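Chemist: Sequence:
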Amino acid sequence: MNRNYNQSKEVVSALIKIGGTLIVIILIWMFGYPVYRVWQQSLEGEAELKRAEQNRKIAVQESEAKKESAKSLADAEVIRAQGVAKANEIIGNSLKNNEEYLRYLWIDNLEKNQNAVIYVPTEAGLPILEAGRLGKLPKSAPKGEE
Numbered sequence: 475m476n477r478n479y480n481q482s483k484e485v486v487s488a489l490i491k492i493g494g495t496l497i498v499i500i501l502i503w504m505f506g507y508p509v510y511r512v513w514q515q516s517l518e519g520e521a522e523l524k525r526a527e528q529n530r531k532i533a534v535q536e537s538e539a540k541k542e543s544a545k546s547l548a549d550a551e552v553i554r555a556q557g558v559a560k561a562n563e564i565i566g567n568s569l570k571n572n573e574e575y576l577r578y579l580w581i582d583n584l585e586k587n588q589n590a591v592i593y594v595p596t597e598a599g600l601p602i603l604e605a606g607r608l609g610k611l612p613k614s615a616p617k618g619e620e
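Numbering (our numbering), first residue to last: 475 to 620.
Errors might be hidden in some of the hints.
To be verified - Straight-line Cα separation of at most 25 Å, DMTMM-like style, residue types lysine to aspartate or glutamate; simulated pairs:
no., residue 1, residue 2
1, Lys560, Glu574
2, Lys586, Glu597
3, Lys570, Glu585
4, Lys570, Asp582
5, Lys531, Glu520
Hint data in this document are derived by calculation from the structure and do not stem from the laboratory.
Remember, it's a predicted structure, so these values are computed and weren't measured experimentally.
Could you put the whole structure together from the sequences, leaning on the hints where they help?
Modeler: And the structure:
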């Protein structure tokens, strides 16, 4: 009987140890879990703050790149416009006192355009109209019959 009593005592002692350990674990968990959650949320907040800072830096760098690109495009456009202005100035200066060349270009253009009608003013300042000439021009086919 003494033996059963000792075994029962050992079982009860083991159960008390297990129960006590469980109670300690539960108490630690009840205190530790909220602290852990606060710590975890603070880490998540710090990570989110770092992401926001990085995204802001990226946005600033992208806007600076766009600004620099726009400046470069504007500079290129100014340089192109200066080149066009210089070319126009050169052409204008070369044509200023060059009536013969201008007349040549005019005649050359008239030769290329076969359907051109030229009105030459008479002594009274009135042009001679060639209404009869229009009937002699080659007729083009209507649009649907080509």
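Chemist: Where does the structure disagree with the numbered hints, that is, which hint numbers, in rising order?
Modeler: Failing hint: just 2.
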